[in-house]
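Asks: Each chain, written out:
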Amino acid sequence: MHDIIIIGSGPAGLTAGIYACRSKLRTLMLTSQVSPSLITTTDLVENYPGFPGGISGFDLVERFREQAVSFGLEIVESDVSSVERVEAGGSGAWRVRTSGGEYDALALIVATGTEYAHLNVPGEQEFTGKGVSYCATCDGPFFRNSHVAVVGGGNAAVQEALFLTRFAAKVTLIHRRDRLRADKTLQEKALANEKMAFLWNSVVDEVVGDGVVKSLRVSDVRDPGRKQTLEVEGVFIFTGNIPNTAFLKGVVQCDEQGFVTADEAMRTSAPGIFACGDCTRKLLRQVVTACGDGATAAFAAEQYIDGLKGTSYSTWSPH
Amino acid sequence: MSEDKFVDNPDHPITLSDADLDAAVAKYPFMVVDCWAQWCGPCRMLGPIIENLAKKAQGDIVFAKLDVDGNPQTASRFGIRSIPNLLVFKNGQKVGDIVGAMPEDKLLERINTFK
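Each protein sequence line maps, in turn, to chains H and W. Counting with our numbering, you get residues 1 to 319 for the letters of the first sequence. Counting with our numbering, you get residues 1 to 115 for the letters of the second sequence.
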């Protein structure tokens, strides 16, 4: 029996791990074998404090991990399939079922993040890996001197489009609105980059190809009859995020999109389950907010466990 | 590059380059080549899974790694547009490719469909 099991190994989970381990709680982190924290696929994080000049997402998370492990965090690679309530020594606990066996803990911290949404248009699945990509840092170098499209208008889309200009001859950003949602610094960089072009008020209807991607069918959201064909060799999709919370169905309350609803102490609707980071319902999904959530979740979980063990120190009480 | 470089029944992934891929394809009847790069996060996750599978397979399936960064010809020859990308070769022919990282059991299942 652990005190805390943290599910997920991105910035939120690893920060929770740092705090939980420093509180000397028996803490286990379960990390997916194959679904990496999305930030690890971002080539440059420029808005996380302490790294003037920026740092790659992969290197940043490696530093988080190193720091957490130095405080004693135990990490096991295993994909979680479900969680359920169990009774243990008079108090409730949680059992986590995974691809590598079952684990029990008094409290869970869910930090499973999100994955990139798919467009769900014809050709997208067929040409995944053949020109359709969700990872610019992985696949950008295969598109040297070619024309690629990026779909989306948020920070991820604009950051990755800028990264792709290092390789591609031209990057066309396709966005359903008439302006970008990305922060102003990224917007200015993108709009000033001579390799970048913009298709506003536009959505992709179909990915067309012959073995590999050849073009996109694009329509105008204001006048869906107005269609055009954009010849590209690749298309990178960053249109939004889907929370990795399916395994919590029926256990904790989520919003209609599947984001976990947590209160200011990161408590979910299930006693002893805390949630933090991008998988929660929140205004701003960034590394720095994920870290803040993670610290709060670990602290709140510690108080919850102290309550179960009868060793409470703080006078802060759950409402 | 001679075939002597390649041991029988390797219990670890062998390292290939543009120059010796064909020799390896000629030698091993069933081989999975993990095309990867240092810059690719998901590739680094798949690395230990490939090593584990190679150890278990003991040459029944030969696993190889090819760094696309230093070996652009292979990537271009097989139309690789996304990594991690596993090229599957059987009896000297490319019979399939597997794109993206996945858990060990699922990956082995996919590989075995080409066997």
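Heads up, some of the hints might be wrong.
As the list claims (entries may be wrong) - Just a few of them, taken from the derived set where beta-carbon distance is under 8 Å, the chain W residues facing chain H:
id: 1; residue: PRO13
id: 2; residue: CYS40
id: 3; residue: GLY47
id: 4; residue: ILE49
id: 5; residue: ASP60
id: 6; residue: PHE78
id: 7; residue: ILE83
id: 8; residue: ALA101
id: 9; residue: MET102
id: 10; residue: LEU108
id: 11; residue: ASN112
id: 12; residue: THR113
Stated by the list, open to error - Label-pair distances were calculated between CB atoms; the ranges are:
id: 13; chain 1: W; residue 1: LYS5; chain 2: H; residue 2: GLY101; range: 34 to 42 Å
id: 14; chain 1: H; residue 1: ASN201; chain 2: W; residue 2: SER17; range: 42 to 50 Å
id: 15; chain 1: H; residue 1: ASN47; chain 2: W; residue 2: LYS94; range: 28 to 36 Å
id: 16; chain 1: H; residue 1: LEU283; chain 2: W; residue 2: ASP11; range: 47 to 55 Å
id: 17; chain 1: W; residue 1: ASN112; chain 2: H; residue 2: ASN47; range: 39 to 47 Å
Simulated from the structure, these hints should not be mistaken for laboratory data. Here the structure is a predicted model, which means the values were calculated and not measured. Where a beta carbon is used, it is the ideal one built from N, C-alpha and C, also for glycine.
Asks: It remains to establish, for every hint, whether it holds in the given structure.
Replies: Hint check results:
1. PRO13: Since the shortest Cβ distance to chain H is 17 Å, the answer is violated.
2. CYS40: holds (4 Å)
3. GLY47: This interface hint is violated because 11 Å lies over the 8 Å limit.
4. ILE49: holds (7 Å)
5. ASP60: violated (22 Å)
6. PHE78: Because about 11 Å separates W/PHE78 from the closest Cβ in chain H, which is outside the 8 Å limit, the hint is violated.
7. ILE83: At about 6 Å, which falls below the 8 Å cut-off, the nearest Cβ of chain H leaves the hint on W/ILE83 intact, so it holds.
8. ALA101: holds (4 Å)
9. MET102: For W/MET102, the interface hint holds, since the closest Cβ of chain H sits about 5 Å away, which is under 8 Å.
10. LEU108: violated (13 Å)
11. ASN112: violated (18 Å)
12. THR113: Constraint on W/THR113 not satisfied, violated at 17 Å.
13. W/LYS5 / H/GLY101: 34 to 42 Å: holds (40 Å)
14. H/ASN201 / W/SER17: 42 to 50 Å: Between H/ASN201 and W/SER17, where Cβ atoms are some 47 Å apart, the hint holds.
15. H/ASN47 / W/LYS94: 28 to 36 Å: For H/ASN47 and W/LYS94 the Cβ distance comes to about 43 Å; the hint is violated.
16. H/LEU283 / W/ASP11: 47 to 55 Å: Holds - the Cβ-Cβ distance for H/LEU283 and W/ASP11, about 51 Å, lies within 47 to 55 Å.
17. W/ASN112 / H/ASN47: 39 to 47 Å: The hinted range 39 to 47 Å holds for W/ASN112 and H/ASN47, with Cβ atoms some 45 Å apart.
When each numbered hint is compared with the structure, violations occur for hints 1, 3, 5, 6, 10, 11, 12 and 15.
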